[in-house]
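Work out the full structure, taking the sequences as your base and the hints as a guide.
Protein chains: 2
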Amino acid sequence: MSTKNLQVVNTSLPKVDGISLVTGSARYVDDFTMPGMLYAKILTSPHPHARITSINVERARAVPGVHAVLTYKDLKPIRHTKAGQSYPEPSPYDRVILDNKVRFIGDRVAVVAAETLRIAEEALQLIEIEFEVLPAILDLEKAMQPGAPIIHDEQDASGIYDASRNLAAHKAVGYGDVEQGFKEADLIIENTYHTQRQKHCALETHGSLAYLDENGRLVVITSTQVPFHTRRQLAYILEMPMSQIRVIKPRIGGGFGNKQGTFMEDLVCVLTLRTRRPVKLIFNRAEEFHQGYMRHPALIRLKTGVKKDGTIVAQQMSVLADTGAYGDHALTLPTSAGRKILPLYPVDHVQFECHTVYTNLPVCGAFRGYGATKGTFVVESQMDEIARALNMDPLELRLKNCIKQGNVDRLAAAFGEKIPRVMHTCGLTECMQRGAEAIGWREKHGKPGNGVVKRGIGMACSMQGSGIAGVDWGAATLKLNDDGTFSLFVGATDLGTGSDTVLVQIAAEALGVPPEAISILSSDTDLTPFDVGAYASSTTYVSGGAVKKAAEQMLTAILAIAANMSGEEPTNLNYHNRQIIAQNGKSVSLREVALYSVYETKEQLTITASNTSHISPPPFAASFAEVEVDTETGQVKVVKLVTAVDCGVAINRQLAEGQVEGAVTQGMGYALFEEMAFDDQGRLLNPNFADYKLFNAFDMPQLETILVETYEESGPYGAKSIGEVPINTPAPAIANAIYDAIGVRLFDLPMTAEKVLTALKKRK
Amino acid sequence: MSTKNLQVVNTSLPKVDGISLVTGSARYVDDFTMPGMLYAKILTSPHPHARITSINVERARAVPGVHAVLTYKDLKPIRHTKAGQSYPEPSPYDRVILDNKVRFIGDRVAVVAAETLRIAEEALQLIEIEFEVLPAILDLEKAMQPGAPIIHDEQDASGIYDASRNLAAHKAVGYGDVEQGFKEADLIIENTYHTQRQKHCALETHGSLAYLDENGRLVVITSTQVPFHTRRQLAYILEMPMSQIRVIKPRIGGGFGNKQGTFMEDLVCVLTLRTRRPVKLIFNRAEEFHQGYMRHPALIRLKTGVKKDGTIVAQQMSVLADTGAYGDHALTLPTSAGRKILPLYPVDHVQFECHTVYTNLPVCGAFRGYGATKGTFVVESQMDEIARALNMDPLELRLKNCIKQGNVDRLAAAFGEKIPRVMHTCGLTECMQRGAEAIGWREKHGKPGNGVVKRGIGMACSMQGSGIAGVDWGAATLKLNDDGTFSLFVGATDLGTGSDTVLVQIAAEALGVPPEAISILSSDTDLTPFDVGAYASSTTYVSGGAVKKAAEQMLTAILAIAANMSGEEPTNLNYHNRQIIAQNGKSVSLREVALYSVYETKEQLTITASNTSHISPPPFAASFAEVEVDTETGQVKVVKLVTAVDCGVAINRQLAEGQVEGAVTQGMGYALFEEMAFDDQGRLLNPNFADYKLFNAFDMPQLETILVETYEESGPYGAKSIGEVPINTPAPAIANAIYDAIGVRLFDLPMTAEKVLTALKKRK
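Top line first, the protein sequences correspond to chains A and B.
Sequential numbering from 1 applies to the first sequence in our numbering.
Sequential numbering from 1 applies to the second sequence in our numbering.
It is worth saying that the hints were derived from the structure and are not from the lab.
Keep in mind that the hints are not guaranteed to be accurate.
To be verified - Distance condition first, Cα-Cα at most 25 Å in a straight line; then the derived DMTMM-like pairs of lysine to aspartate or glutamate:
1. 418/B / 600/A
2. 404/B / 709/B
3. 82/B / 592/A
4. 762/B / 748/B
5. 303/B / 239/B
6. 82/B / 437/A
7. 82/A / 592/B
8. 308/A / 186/A
9. 454/B / 632/B
10. 454/A / 704/A
11. 4/A / 552/A
12. 640/A / 437/A
13. 82/A / 600/B
14. 418/A / 592/B
15. 549/B / 600/A
16. 171/A / 94/A
17. 418/B / 592/A
18. 418/A / 600/B
Put into structure tokens, the structure is as follows:
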């Protein structure tokens, strides 16, 4: 199979919602208002760890215009259910809806619904609370020390983790025999790396609007990546039948993993159920910083054994991660640092261990890259250390060891995946070769120059998945309209990524129609078939596969009708450009088939197909960074960043490039600037875009994106995924480039000017 | 098959939208408002027939707040397409969107959209028009006379009718040899009857709100009975792809055939397309009277030949009907007077002829009963005349001649129906027997008493169809949700009739779940499968059949999964009360199957099924009226009305009874009071509920409804239809009761006190 003869797929079709987005007609949660709507506001904890000994809301309730004030006293202490794709069960990791204990500054204490936001804010200030302040853990290394305060001392906090040690998750897994492997090695390199709390910073903050529809069903318009999971969670938390809840995702302004969390939907719905009024809550930026997810910080130790010729024989990684006060991603995310990245270099002996602890800091969760980002920083930083130790070209070392087509991800099996994860496609070598060519690797590497400002070149590789193998799935429904156009219904969730466009392209291609002939409706639990939602780089591969299946079945049904009309067997029909030509010379158009089905056979053609990810085929990426380091200030400037990505076939080339550009920008911020900073009282110091430094237009280097095409047979039209993998490579590529420039290795993200300067001074 | 073991069907489940209706949360068109919404108002003709020689809208356009003023000069003269289920072609019968000629008082001249209704009304008054007034035809008998003014002299007014004679439609059809039949008869009775213009008087007037959604697609929320037909018509009239138009029917307050018309949607959409703003138009009551449909008035001649023993041998009916200035129902409705009713008494020789003419009066169209109502008045009035001439009991004459199970409707074949219309069920005899029993026929008939107020008993029978054979169809989609509940999507249109409830009952019965487990979404062309809409008594039989098929296929799919789960063949499973018990003893619940399909097989179960009406099985009705006639005033009071109906199995007994009660009330109004009255200038004299007398609470007799159950195998759970047939019988039953009371036959509807008194005086 190839991309030859494709009409719609692999082109750069403008976004189907593009005009609405640029003209401002697209509606985000905050664009919805309703008669009688109330505004909600959450009162949060000022203490990192405390027990509520007394709470009095009488004065707040008495404020005119206040319709509800709720605290833990008003609600059953129901614990949030597991995130992600799992049966509806309470999660031992997650919070109860409102609790009598607070575990971080920003933890929920009470919620108010009032006729204006100002009244709600006023009422919050009138809530009288007494806290018993408890000692707090603000350092992940101290969480498991004997005598540490216990963050989850509640009765039901027993289960798969060890609450009494503040251990949120633990996993040890591997294959081969690392001890043996290290014995066989000629050289062993071992380092410890530190990665930071990064904030997603989607331009749209979280928002939800709940209301009761005319039949009394609960509707939630919310900025979520996972409408069906949200419905499941709300049904559990609210103790309502799922059929009485409808979750709608309108246009949303970015997710990046943050909008997998149910941070407000539960409270907004409770307020609507109590007041019988529409209730809206939109986080401001500070609330988003405190109450949303963030990337898990971690200490990661990596030990690698290599032969003199550069052959890697053993790798051992141990992760100590901080999930904050809660966190349903405590197991799956930090383990992904190894699970997703150690397979990059297939090695005979691998050992991985992870401990995730609770601290009295805000909650960590899903973030684009999902553990692979920190794993890549560690593995790819160390690869350059190994190359230096062996005096090899880092590119050559990687090319020698890297994963290739036909290889099997043995760690996936060790993690319990049932179907062997074979690399049916792997463009990583070509990514490295073409990226090296584009940056001028051979000419520029190892030539820092003599000035105050040194120049360096660095590279890094990464891989990711396409949905979670054996877990993620989605479905698509296609309806044929009277005029030969189609309505496409998908549970898949466009976060601004353009997935609606990609899915329309797949449908149009498979149906042989122009994209204008497809109307898409996505992300409404009432109206669309099931989909796990947008995470784990799943939409194009998983949901797109469902769309392709549905379209193919639809075309078969259409040809059966055309066969009827033309008096020929379906096998004797030729379909091209919305015209079906029979061997007997008769020809009918798609529109004629549609009219025939409406007016003659009298049958509504509607097809639903489902699709899942069996082995999560990885996309691959290689980034090459060229940096300038000012040795007097420590300032690092990225001059050029080349990223070559194997995402299989790009369904929409421009959108794929957009994903790469967005991801590497976020990756450069992670490398150089972004970090949530706390004081010694657990207070977040930079919950705003003035003090939390994002990578912006002035910081941008010259970007170059190379799409290395492979054809993944299991994906729709050869597609794998692209949304996450390019975020992983900038940080290690820049770290390696800094080393190339100034001979200093930074083990601690972000690599600020201060750290560079300190490291330079230390070396001197 | 029988109704034994039914759990949900055949009960009186409260309406699924009942709470929303009684609490006022249900939303009708006028309950929707949108930011920036404009109000539209139509300027109509003050002349019954005129040409616009000059029109100046400059002053109107200059009014602040006016956003658009449109006349025929601004629009392409596109003719409305055919109503009902037909390919999208222009209708030779219907109007062009805005024309330079007006053909009745109330015909559309111009339309305005402004920021308030007051501004729109003000602007209308500033439009300056000069008319060339033309001679008008206000009497259907004069329409085809030589030299009559030609109402449709436009160029494209050629086609299947003879515009040059004002002939809108003509049909002659029959079987056997009527001349021979009349020769064989011992007695021939021939009379001419006149039936009037009746107005539907749905409590909600027509209303539409059009807007462009965020993607620029045109959405119309409108009080229509036929969302899919409206979409088709709008696509044609607006020259837009159908896929760019979405039609939504919200809650609506009655249709009765009137809401099959596209009286405003086209103009509202044009205004939205021109102004890019939401535009709403709600008819006031006077506009509804002038611009909506009304029942066709007709002169009907009926000639019947009978043997001395009462055997009917030949019937000949000729209809001269008036469609008003336009009317897409000009052929199908007036011909239904014979087509639907002559089969009531299977006769060897039948001849039917119909001429429908244009006049310069408002437009006639579909109305509950659709021609059968006037046909029943004629046939059933004459049956009593025959009985009197033969000195037979009218009940016995009917029982002797009436259609019975196994009979074939030979007229249907003559009209071109391909499948023989066999009466697989026919409860008419039982309807008559039980109705006669309930009214006390034998005791009371022929005993008018001696006072000033005479008492009389009369009866009449009728039949109708269940959808249009070979034409009407609908589809239903069922989606299984995670929790074992279902979403039901139907194009079928609930007009307040309760069809949403009936369809939920059918789905619940077939799926073996309580009705609460089904969420229904109906009447949205984007979201639901196709359905022809609510007319011709089709919804329960046709759309209900689709729901049952979809539910049965869904249950099969569910059992296949359960078989998988329990390791048994599907044939070895027993399904009861949402539990599937395998022969091997394993048991799984419906909810477990749903969870299994979400979390294990990973498949969205969604089923779409379609269903059509092959032979339109008739429901039957017999009404028995007891009246008091004041011989001094002519006033007729209905004392009691018994109506027995064979609708097959009533899916919802209470709703079925409600249909009967509503229909006979409307039928009594038709009998005694209701008539649109015009002066000799073609001006409607009573366009309001003060002057147009409806049958109201004070007029109500004791009502009794008897549901005579038959089991129609082709219908869902034995159902046929019920919405229309009971409207047909009150008028002739009352006419016959009046005759029984005072020995006077009235041939002219409505039978007002004035007419009764005049007839009484004439007789004396």
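Okay, the hints, checked on the actual structure:
no. : hint          : result
1   : 418/B / 600/A : holds (14 Å)
2   : 404/B / 709/B : holds (15 Å)
3   : 82/B / 592/A  : holds (18 Å)
4   : 762/B / 748/B : holds (15 Å)
5   : 303/B / 239/B : violated (48 Å)
6   : 82/B / 437/A  : violated (66 Å)
7   : 82/A / 592/B  : holds (18 Å)
8   : 308/A / 186/A : holds (6 Å)
9   : 454/B / 632/B : holds (10 Å)
10  : 454/A / 704/A : holds (22 Å)
11  : 4/A / 552/A   : holds (18 Å)
12  : 640/A / 437/A : holds (13 Å)
13  : 82/A / 600/B  : holds (17 Å)
14  : 418/A / 592/B : holds (23 Å)
15  : 549/B / 600/A : holds (19 Å)
16  : 171/A / 94/A  : holds (19 Å)
17  : 418/B / 592/A : holds (23 Å)
18  : 418/A / 600/B : holds (14 Å)
When the structure is compared with the earlier hints, violations turn up for hints 5, 6 and for no others.
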